[in-house]
Amino acid sequence: MQVNEETIDGVLVVSPAGRLDSNTSPEFEAHLFQRMEEHPSLVIRFGDVDYISSAGLRVMLMTAKKVKQNGGRLVLCEIRDPIREVFEISGFLTILEVCDDPRGAVERVNA
Amino acid sequence: MQRAFRIQSELREIPRLAEQVEAFCEEAGIPVSSVYPINLVLDEWLTNLIAYAFDDDAEHTIEVDLRTADDGLTITVTDDGQAFNPLTDAPEAQLDGDVDSRQVGGLGLHFMKTLMDEIDYRSADGVNRLILRKQPV
Chain A
1 MQVNEETIDG
11 VLVVSPAGRL
21 DSNTSPEFEA
31 HLFQRMEEHP
41 SLVIRFGDVD
51 YISSAGLRVM
61 LMTAKKVKQN
71 GGRLVLCEIR
81 DPIREVFEIS
91 GFLTILEVCD
101 DPRGAVERVN
111 A
Chain B
1 MQRAFRIQSE
11 LREIPRLAEQ
21 VEAFCEEAGI
31 PVSSVYPINL
41 VLDEWLTNLI
51 AYAFDDDAEH
61 TIEVDLRTAD
71 DGLTITVTDD
81 GQAFNPLTDA
91 PEAQLDGDVD
101 SRQVGGLGLH
111 FMKTLMDEID
121 YRSADGVNRL
131 ILRKQPV
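Each protein sequence line maps, in turn, to chains A and B. 1 is the number of the first residue of the first sequence in the working numbering; add one for each residue after it. 1 is the number of the first residue of the second sequence in the working numbering; add one for each residue after it.
Derived by calculation from the structure, the hints in this document are not laboratory data. One thing to keep in mind: the hints can contain errors.
Restraint ranges, calculated between C-beta atoms of paired labels, are given here [claimed, not checked]:
1) A:Ala30 to B:Arg122: 35 to 41 Å
2) B:Ala124 to A:Glu107: 56 to 62 Å
3) B:Glu27 to A:Glu27: 32 to 38 Å
4) B:Asp70 to A:Glu38: 55 to 61 Å
5) B:Asp57 to A:Glu107: 37 to 43 Å
6) B:Glu22 to A:Arg35: 28 to 34 Å
7) B:Pro91 to A:Arg80: 27 to 33 Å
8) B:Asp55 to A:Glu107: 47 to 53 Å
9) A:Ala111 to B:Arg6: 51 to 57 Å
10) A:Lys68 to B:Asn85: 45 to 51 Å
11) B:Glu22 to A:Glu107: 35 to 41 Å
12) B:Gln103 to A:Arg35: 47 to 53 Å
13) B:Val32 to A:Lys68: 49 to 55 Å
14) A:Gly10 to B:Arg6: 47 to 53 Å
Positions of the beta carbon are idealized from the N, C-alpha and C atoms, including for glycine.
With the rest of the complex left out, here is chain A:
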C-alpha cells in the first residue's frame, strides 16, 4: 500500500492507495498516528483506495477517536462505491464526517 500526502490551506490530506485490509491496515494506522502527533486535524481521501475491509474501518474509527481526544477534526472524502457501501453497512457514514471532495473537506476542517 502506498500513502500520498499533500497540504491544502494548511491541512494535511492523506491519500492511501490500493487495499486497506488486514495486511496493510496496521502500517496505515501507525502512519496516521505518527502524523497526528503534529497534525491535530486530518483529511483522508479515499479516491485511490480500491478495497477496504473491517480492518481498514477499524483504523478509521481509532483515528477518529484519537483526533477527537486531541481536539481536532477528521474529515473523510472521495468515498465512492464500492468502498462507500462498506462504510454504509457498517454505519460509519453517520458517525464519521464525510465530504465529497478534498477541498470541501479542508474547508470543513478550517471552518
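Using the hints provided, position chain B relative to the given structure of chain A.
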C-alpha cells in the same frame, strides 16, 4: 462452474486469493458488482480463521470452493482449526453509538450476514465448513 483454491493460513494469501476469485467470477459471468461483496466476506472469514482458529505452530491449509449454478453462487470454506460458528458463537455487532462509544468488533460477521443470502456452518471430526450462498443479482 466449480473451482477450488487452497491457501496457507497466512494473511498475505488473501489478496492473492482475491485476484483468483475475481478471475473465476468473470469467467462464470458473475456481475462485477457482486465480486467485491464476495471477496470482502471471504477476506473477513479468512482473516478471522488465520488470527484465531489455529493455536499451534503447524502449517494449515484452508480450502475455498466456489460453485455456480442457476440458483446462484455457493462458497464453501473448509478448515481444520478450532470450530467457531458465526451464527451462534459471536455477539451481534454494535452498529449504533457515536465515535467514542462505538466498537469495531463483529463487523466482519455483520458483512457476511448482510451480503450473503444464506449461511450454514458445520463442524465434525475436526473439520469445519462454512457454506455461504448468494443468489444471482
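**Asked** Against which earlier hints does the structure fall short, listed by number upward?
**Response** Those not satisfied are hints 5, 10, 12, 13.
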